[in-house]
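Asks: As a plain string of letters, each chain reads:
4 protein chains.
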Amino acid sequence: MKHVKGATHWVIPDGYIPPVSSGELLSHESICVLNCNTEDANLMVTVYFEDRPPLENISVVVKGKRTNHIRTSSLQKDSEYIPVGVPYALEVESDIAVIVQYSRLDATQPELALMSTIAYPL
Amino acid sequence: MKHVKGATHWVIPDGYIPPVSSGELLSHESICVLNCNTEDANLMVTVYFEDRPPLENISVVVKGKRTNHIRTSSLQKDSEYIPVGVPYALEVESDIAVIVQYSRLDATQPELALMSTIAYPL
Amino acid sequence: MKHVKGATHWVIPDGYIPPVSSGELLSHESICVLNCNTEDANLMVTVYFEDRPPLENISVVVKGKRTNHIRTSSLQKDSEYIPVGVPYALEVESDIAVIVQYSRLDATQPELALMSTIAYPL
Amino acid sequence: MKHVKGATHWVIPDGYIPPVSSGELLSHESICVLNCNTEDANLMVTVYFEDRPPLENISVVVKGKRTNHIRTSSLQKDSEYIPVGVPYALEVESDIAVIVQYSRLDATQPELALMSTIAYPL
Numbered sequence: 091m092k093h094v095k096g097a098t099h100w101v102i103p104d105g106y107i108p109p110v111s112s113g114e115l116l117s118h119e120s121i122c123v124l125n126c127n128t129e130d131a132n133l134m135v136t137v138y139f140e141d142r143p144p145l146e147n148i149s150v151v152v153k154g155k156r157t158n159h160i161r162t163s164s165l166q167k168d169s170e171y172i173p174v175g176v177p178y179a180l181e182v183e184s185d186i187a188v189i190v191q192y193s194r195l196d197a198t199q200p201e202l203a204l205m206s207t208i209a210y211p212l
Numbered sequence: 091m092k093h094v095k096g097a098t099h100w101v102i103p104d105g106y107i108p109p110v111s112s113g114e115l116l117s118h119e120s121i122c123v124l125n126c127n128t129e130d131a132n133l134m135v136t137v138y139f140e141d142r143p144p145l146e147n148i149s150v151v152v153k154g155k156r157t158n159h160i161r162t163s164s165l166q167k168d169s170e171y172i173p174v175g176v177p178y179a180l181e182v183e184s185d186i187a188v189i190v191q192y193s194r195l196d197a198t199q200p201e202l203a204l205m206s207t208i209a210y211p212l
Numbered sequence: 091m092k093h094v095k096g097a098t099h100w101v102i103p104d105g106y107i108p109p110v111s112s113g114e115l116l117s118h119e120s121i122c123v124l125n126c127n128t129e130d131a132n133l134m135v136t137v138y139f140e141d142r143p144p145l146e147n148i149s150v151v152v153k154g155k156r157t158n159h160i161r162t163s164s165l166q167k168d169s170e171y172i173p174v175g176v177p178y179a180l181e182v183e184s185d186i187a188v189i190v191q192y193s194r195l196d197a198t199q200p201e202l203a204l205m206s207t208i209a210y211p212l
Numbered sequence: 091m092k093h094v095k096g097a098t099h100w101v102i103p104d105g106y107i108p109p110v111s112s113g114e115l116l117s118h119e120s121i122c123v124l125n126c127n128t129e130d131a132n133l134m135v136t137v138y139f140e141d142r143p144p145l146e147n148i149s150v151v152v153k154g155k156r157t158n159h160i161r162t163s164s165l166q167k168d169s170e171y172i173p174v175g176v177p178y179a180l181e182v183e184s185d186i187a188v189i190v191q192y193s194r195l196d197a198t199q200p201e202l203a204l205m206s207t208i209a210y211p212l
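Protein chains in written order, with our numbering: chain A, 91 to 212; chain B, 91 to 212; chain C, 91 to 212; chain D, 91 to 212.
Keep in mind that the hints were calculated from the coordinates and are not lab data.
From a predicted model like this one, the values you see are computed outputs, not experimental measurements.
Misleading hints may appear alongside valid ones.
To be verified - Listed next, the in silico DSSO-like pairs over lysine-lysine satisfying Cα-Cα at most 30 angstroms (straight line): (1) A:Lys167 x A:Lys153; (2) B:Lys95 x D:Lys167; (3) B:Lys155 x D:Lys95.
To be verified - Derived DEER-like restraints, expressed as beta-carbon distance ranges: (4) D:Pro144 x A:Asn147: 48 to 54 angstroms; (5) A:Arg142 x D:Val174: 46 to 52 angstroms; (6) B:Met134 x D:Glu140: 17 to 23 angstroms; (7) D:Val174 x C:Pro200: 34 to 40 angstroms; (8) A:Val110 x B:Ser169: 39 to 45 angstroms; (9) D:Val174 x C:Glu140: 23 to 29 angstroms; (10) A:Pro144 x C:Tyr171: 27 to 33 angstroms; (11) C:Tyr171 x A:Arg142: 42 to 48 angstroms; (12) C:Met134 x D:Pro143: 54 to 60 angstroms; (13) D:Pro144 x A:Ser149: 47 to 53 angstroms; (14) D:Val151 x B:Arg142: 50 to 56 angstroms; (15) D:Ser164 x A:Lys153: 30 to 36 angstroms; (16) B:Val176 x C:Lys167: 29 to 35 angstroms.
Cβ coordinates follow ideal geometry from the N, Cα and C atoms, glycine included.
All chains, full assembly: derive it from the sequences and hints.
Replies: If you want it as C-alpha cells, here you go:
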C-alpha cells in the first residue's frame, strides 16, 4: 500500500469574500481539501485579519477518501463568521496529511472572475 | 544527456466542470501534462468526490516529448464520466516523471473567466 | 508552542498595474502577506523593471499575528511610486518568516478579471 | 553580498495563445522572468506540442537586475512561431538562476479573463 503524502499545515494569505453578487452566480471562496487517506482528517482553521486578533480553532472534518470544497463563508466559531468585504488570511492545520487549494469566484459584475492557487504548505 | 525531472504523483483538489456554457466558448477544465522524456508516460487518474467513493484507474497516455491538454470531461472508466456541476478532486499518477498544470475556463456567462495553477506534487 | 515557518525571501516576476479602471471596482494588485509570528515582520521590497535599474529599499511593516494586503500602488521610496502600465517584478525580503501571495484585479473592462498565485520562495 | 537563488530549469505545461481578440486589449501570454543577478541570463526555450516534435533552441536574453515579460507570440526559431489556437507547453532553461511566472490574458470576449501561476521549477 502506498504511503499517503501531502502536508498537515497550509496557509492562504489572500482571503476576501466579495460583498456583492450579480448575475446568476454567487460570489464566494472555497478552500478545497483532498484527503487521500482512508481515515478522516480533522482540520483546525485560523483566520487572520489586518486590524484585530485572529479568530482561532474553527474545526472542519474531511472524510477519508473524499474531497471537501469548503465555502469560507460557512466557517464559524461561536456564531462568529468571516465578514464580507474584508481582507483576511487563512491557516489550515490537519491531524493527517491533506492537500489544500484556494479558489475565489467574484461575481461583483455579472460576468464572473476566477482565481485559484495551491495553498502554501508550511 | 540531461536527467529528466518532474514528479510521478500530482493532485488537484479543486475540480469542477461548469454545467453551463454561453457565448462562443465551451466551459471546460484541462489537466495539462508535459512529458519531457523520450518514452511514453502512462497515467492513472483517480477522481475523488464529496459524497461517494472515488472513481479509480482511469488510464491516459502522454507520448514522449509531447504535451497533452486533457479535458477532464473526456476522462471515463467503463462509460462513467465526471458529472458536471459537482465538486471533485483529481489525483494523477504516472509511471515516469511528468509535470501537471490544471486550468479551468468558465463560460457560464458569455464573458469567460479563467483560473490556473500548477498541480501539487506529492 | 509550534515553530513558525514560512520564508524570508519571496519573488513575484509578473507585476503590472493596469492603467485603466471602469465599472465599480478599481484595477489594482496586492501583495498579501501573512505573519503568523507574534512579533512584527519588517519587509524590504525591491522593484525590478525591464529598462532601468531597480527601485530598492521600500520598507513595509506587517504586525504580529496579522495579515496585510498591500496595494502595490501604495509602495513608494522618496515619493517614487511604481508607474502604471509598465511590466515589473517584485522581490520581498523579511527579517522573520512570512508567507506571500500575489493577486491582480484588472478592471480595464467593466467586467473584472482576477489572477493570483503564491509568490515564489527563494 | 547575498547569494542569488532561483532555478535554472522551469516548465509551463499549459500554453495556449487565444486566436481571437476583441475589445481594447490583445489576447496574449507572457513568460515573466526575473533575473536578480548582476550578469545577464541566457535562456533557451523549448516548445512542446500535442502532435509533432518540439521546437527547440529558441534563445532569449534577460539582462542583469532586470525583469523581462516575454510575449510567447514573439518567440521564434528560423522564422517559425508558436501557432495560435494550439495547445502547447514550454520549457525554459537558463545558464544562471532566474524565476519564471506564466500569465495569460484572454480577450476572446471583450471582457477579458486572466490566469497566472509561478512556473514549475525542475
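Asks: Now, for every hint given, state plainly whether the structure supports it.
Replies: Going down the list of hints, with the structure as the test:
1. A:Lys167 x A:Lys153: At roughly 21 angstroms apart (the allowed maximum being 30 angstroms), A:Lys153 and A:Lys167 satisfy the hint.
2. B:Lys95 x D:Lys167: Status holds; Cα separation ~25 angstroms.
3. B:Lys155 x D:Lys95: Within the cut-off at roughly 29 angstroms; holds.
4. D:Pro144 x A:Asn147: 48 to 54 angstroms: holds (51 angstroms)
5. A:Arg142 x D:Val174: 46 to 52 angstroms: Because 49 angstroms falls inside the window, the suggested range holds.
6. B:Met134 x D:Glu140: 17 to 23 angstroms: holds (20 angstroms)
7. D:Val174 x C:Pro200: 34 to 40 angstroms: Between D:Val174 and C:Pro200, where Cβ atoms are some 26 angstroms apart, the hint is violated.
8. A:Val110 x B:Ser169: 39 to 45 angstroms: holds (42 angstroms)
9. D:Val174 x C:Glu140: 23 to 29 angstroms: holds (24 angstroms)
10. A:Pro144 x C:Tyr171: 27 to 33 angstroms: holds (31 angstroms)
11. C:Tyr171 x A:Arg142: 42 to 48 angstroms: violated (29 angstroms)
12. C:Met134 x D:Pro143: 54 to 60 angstroms: violated (46 angstroms)
13. D:Pro144 x A:Ser149: 47 to 53 angstroms: holds (49 angstroms)
14. D:Val151 x B:Arg142: 50 to 56 angstroms: This hint holds: roughly 53 angstroms between Cβ atoms.
15. D:Ser164 x A:Lys153: 30 to 36 angstroms: Hint violated: Cβ distance 49 angstroms, outside 30 to 36 angstroms.
16. B:Val176 x C:Lys167: 29 to 35 angstroms: violated (50 angstroms)
Consistency note: the structure conflicts with the earlier hints numbered 7, 11, 12, 15 and 16.
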